[in-house]
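Participant: Sequences listed follow chains L and Z, in order.
Each residue of the first sequence is one higher than the last, beginning at 1 in the numbering used here.
Each residue of the second sequence is one higher than the last, beginning at 1 in the numbering used here.
The hints are simulated quantities; they were obtained by calculation from the structure and are not laboratory data.
Backbone N, C-alpha and C fix where the C-beta goes; we use that ideal spot for every residue, glycine too.
Mixed in with the good hints there might be a few duds.
Short derived list, chain L residues pointing at chain Z, Cβ under 8 angstroms [what the hints assert, rightly or not]:
no. : residue
1   : T45
2   : I158
3   : Q160
4   : H165
5   : L187
6   : R190
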Amino acid sequence: MQLTGKDICFRYKTKSPWILKDVSLSIESGERVGVVGPSGYGKSTLARILSGYEKPVSGEVKLDGKDLPGKGYCPVQLIYQHPELSVNPRLKMGDILHEAWTPDKELLDRMGIEKKWFTRWPTELSGGELQRFCIARVLAPQTRFLICDEITTMLDAITQAQIWHLLLEECEKRNLGMMIITHNKSLAERVCTRVIELPELNNVERADV
Amino acid sequence: MELLNIKELLVAFSMYKKGFRKYELEVIHQLSLNVNSGEIVAVVGSSGSGKSILAEAVLGLLPKNSHMHGEITYKGQKVDKKSIRKYMGTDIAYIPQSIDHLDPIMKVGKQVMGVHGSKERQRKLFKQYGLPEDTEKKYPFQCSGGMARRVLVTSALMGKPDLIIADEPTPGLDLKMALEALKDFRELADAGTGILLITHDIDLALGVADRIAVFYAGSVLEVAPVEDFVKHKDRLRHPYSQALINALPQNNFEPIRGTQPYAGDLFSGCLFAPRCHMRDDKCACDVPMMDVRGGKVRCVHAADG
Chain L
1 MQLTGKDICF RYKTKSPWIL KDVSLSIESG ERVGVVGPSG YGKSTLARIL
51 SGYEKPVSGE VKLDGKDLPG KGYCPVQLIY QHPELSVNPR LKMGDILHEA
101 WTPDKELLDR MGIEKKWFTR WPTELSGGEL QRFCIARVLA PQTRFLICDE
151 ITTMLDAITQ AQIWHLLLEE CEKRNLGMMI ITHNKSLAER VCTRVIELPE
201 LNNVERADV
Chain Z
1 MELLNIKELL VAFSMYKKGF RKYELEVIHQ LSLNVNSGEI VAVVGSSGSG
51 KSILAEAVLG LLPKNSHMHG EITYKGQKVD KKSIRKYMGT DIAYIPQSID
101 HLDPIMKVGK QVMGVHGSKE RQRKLFKQYG LPEDTEKKYP FQCSGGMARR
151 VLVTSALMGK PDLIIADEPT PGLDLKMALE ALKDFRELAD AGTGILLITH
201 DIDLALGVAD RIAVFYAGSV LEVAPVEDFV KHKDRLRHPY SQALINALPQ
251 NNFEPIRGTQ PYAGDLFSGC LFAPRCHMRD DKCACDVPMM DVRGGKVRCV
301 HAADG
């Protein structure tokens with residue numbers, strides 16, 4: 001399968017400056033594409049557009065030539081930088097995990113998620129533990145592409161390595177495609193099959209940010 | 001010269017359980033650390049290990065439901081919550097983690113200048129950190145996150161402090177600016193300032209610090225010169241620091257199992273023991289801080305390993 005973005009342009013209001021202009025890229029199944037670039041250059045916006053949370057002003061996002069589905073489970077899933085902000089604080093962890101599908105016990109064991117955490121509130125888990133829930137939540141069988149927006153930036157080195165090992169193993173097994181946004185050059189070299197610099201793709205003229 | 005010395009610090013918060021039952025949540029225990037003039041000491045550790053609490057405890061900024069034991073000395077003088085006040089702003093500068101620490105109803109130029117600063121120096125610093133000239137007339141809510149953070153850094157560099165306590169000073173800065181800020185820290189340290197740099201970014205710490213203190217579950221497990229982390233990884237004394245270095249993407253990217261214990265359910269003995277490959281019966285006893293190979297470590301197996 002192939003996820004493509006063609007000539008994506010984006011800005012928030014009709015008169016605000018362009019954030020993305022004529023950005024085109026494509027990701028194949030089984031490929032892990034790293035996206036690097038300074039802050040404020042639209043990396044996260046691109047992630048939101050590719051996963052269908054934001055509509056581009058012009059240009060299109062296609063999954064195997066078709067639009068992303070507007071309802072139901074989207075095969076392109078986003079994992080967000082702040083796990084504590086991407087869960088509903090009024091749900092217990094068990095309900096959060098089962099929002100979209102029901103993971104089997106084997107997956108949970110591999111992810112290191114313990115059954116006794118299901119009755120806790122999100123505030124009672126650490127960032128690394130929450131991030132595991134967020135990852136397990138999007139690994140339904142329908143998922144084809146994962147967009148990872150700085151998913152380990154706020155975690156310590158050991159938890160970061162734990163999470164990437166889980167994720168890479170899962171992606172190899174299911175032949176998922178990934179887009180990985182990161183600041184960390186050595187991490188990008190470690191986990192990605194190819195790396196693109198967003199400022200080179202993006203045709204926005206930038207004054208000093 | 002020894003600027004700051006923390007001995008056997010303990011910080012606890014009074015919390016309430018169901019039914020107004022009170023209990024003590026111990027977040028920092030048995031913590032010893034010192035900062036000499038002219039050196040940068042980096043405190044690294046995962047989130048939730050109590051790094052920021054350490055800074056706030058030293059500066060007496062903790063909320064009322066907290067209490068602390070132990071001894072903190074500044075330049076040989078014992079200080080507490082009240083007496084440290086007279087050093088703050090002149091001798092000791094603090095770069096807080098959150099940009100909410102700026103006064104919301106004071107223009108940033110005036111805030112950075114403070115009581116003892118001068119307009120010229122403030123303008124020079126703003127220019128150096130790429131803040132536009134009209135920034136000094138803005139209120140904090142008019143600045144973007146990155147700008148506000150640069151404002152915090154400039155306000156710490158305003159005077160000529162002897163000790164800087166910097167709590168995560170670089171997120172929100174791009175790489176160039178972060179390196180610039182760290183270069184300034186290095187220059188200040190070379191001129192005799194002592195800097196306590198609190199960060200979870202171990203790469204950053206390796207790049208600039210002289211000594212690194214590894215934090216885990218509210219205590220310092222190891223204090224070692226930075227060369228041990230960069231060049232002689234086998235010389236590291238504690239299994240946790242070894243695992244931390246080993247997990248970096250530029251090294252082996254090899255994780256270990258388990259997570260840091262929650263401050264509410266701590267056990268006696270070495271707190272790292274459940275995740276450690278070297279644990280045995282000795283680990284359940286109280287582990288003192290020991291001097292091993294020019295560093296300090298809290299591990300019973302350090303000397304034989």
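Participant: Next step is simple, just say for each hint if it's right about the structure.
Facilitator: Okay, the hints, checked on the actual structure:
1. For T45(L), the interface hint is violated, the least distance from its beta-carbon to any beta-carbon of chain Z being 16 angstroms, above 8 angstroms.
2. About 4 angstroms separates the beta-carbon of I158(L) from the nearest beta-carbon of chain Z, less than 8 angstroms, and the hint is met.
3. The criterion of a C-beta within 8 angstroms of any C-beta in chain Z is met by Q160(L), whose closest approach is roughly 7 angstroms, and the hint holds.
4. Taking 8 angstroms as the C-beta contact cut-off toward chain Z, the hint placing H165(L) at the interface holds, the least distance being around 6 angstroms.
5. Interface hint status for L187(L): upheld, as the beta-carbon distance to the closest one in chain Z is roughly 4 angstroms, under 8 angstroms.
6. This hint holds: R190(L) has a C-beta 4 angstroms from the nearest C-beta of chain Z, less than the 8 angstroms allowed.
Hint 1 alone, counting from the list given before, is not met by this structure.
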